[in-house]
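J.: Its first residue numbered 358, the sequence shown is counted upward by one per residue in our numbering.
Please keep in mind that the hints were generated in silico from the structure rather than gathered at the bench. There may be inaccurate statements among the hints.
Label pairs and their calculated CB-CB ranges [claimed, not checked]:
id	residue 1	residue 2	range
1	A399	A519	13 to 23 Å
2	P370	L506	46 to 56 Å
3	I536	L426	25 to 35 Å
4	A441	I407	46 to 56 Å
5	R517	A394	37 to 47 Å
6	L403	I536	44 to 54 Å
This one's a predicted model, so the numbers in the text were calculated from it and none came from an experiment. By construction, the Cβ of each residue, glycine as well, lies at the ideal position given by its N, Cα and C atoms.
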Amino acid sequence: MRADIQAPPSSAPRRKIIHGGFLVLLAVTLLAAILVAGKYGAAHALETAIGALGFIAVLLPKVGAGLFLAASIPLLLPRERVAALIGQESGWRGLALAAAAGALLPGGPGMTFPLAAALFAAGADLGAVLALVTGWSLLSLNRTLIWELSFLDWHLVALRIALCLPAPLAVGLVARALIARRR
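Can you make the complete structure from the sequences, with help from the hints?
T.: This is the structure:
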């Protein structure tokens with residue numbers, strides 16, 4: 358290398374492949390397997406492990422798709438547009454939009470949480486992200502139509518929705534107030 362050309366500085370510290378949290382989770386899992394094997398026998402512990410691995414095999418593609426979507430959103434959406442719609446200065450309208458998007462969002466946490474993180478990375482503020490997640494968890498249209506209205510009287514479902522309706526806005530406002538107070 359020539360003396361007048363410098364090597365580029367390293368951009369970021371290297372990440373550990375095996376993190377301490379993974380080791381703790383592995384230790385707890387192995388302890389649980391030993392306890393199950395001791396109480397119910399090794400065959401039952403092996404059957405349980407195979408069932409868990411099958412569940413992971415079914416879940417992994419969904420989580421992978423959610424993470425791919427989450428990684429793509431900040432690259433595809435203009436940061437200024439996201440910030441204008443659900444950013445710090447979007448006010449009540451931004452919180453209501455995020456809560457409504459959460460209520461309309463189908464899917465489970467494997468899609469919702471990566472999407473919320475992606476919107477945060479794309480310019481949404483924490484209040485709007487929390488309003489989205491709260492709207493998804495409390496006001497999910499998918500759950501309401503498929504499960505609640507199938508088994509419960511519509512009056513009870515309407516009462517539950519009416520009681521939960523202000524929650525995403527309240528959570529978003531509290532988050533924004535705490536962040537403003539912290540600054």
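J.: Please go over all the hints and tell whether each is borne out by the structure.
T.: Going down the list of hints, with the structure as the test:
1. A hinted range of 13 to 23 Å is violated for the C-beta pair A399 and A519, which are about 53 Å apart.
2. At about 51 Å, the CB distance of P370 to L506 agrees with the hint of 46 to 56 Å.
3. Range check, I536 to L426: Cβ separation about 26 Å, and the 25 to 35 Å hint holds.
4. About 50 Å separates the C-beta atoms of A441 and I407, a value consistent with the hinted range of 46 to 56 Å.
5. Between R517 and A394 the beta carbons are some 43 Å apart, a value that agrees with the proposed interval 37 to 47 Å.
6. Range check, L403 to I536: Cβ separation about 49 Å, and the 44 to 54 Å hint holds.
Figure legend: structure checked against the earlier numbered hints; the only hint not met is number 1.
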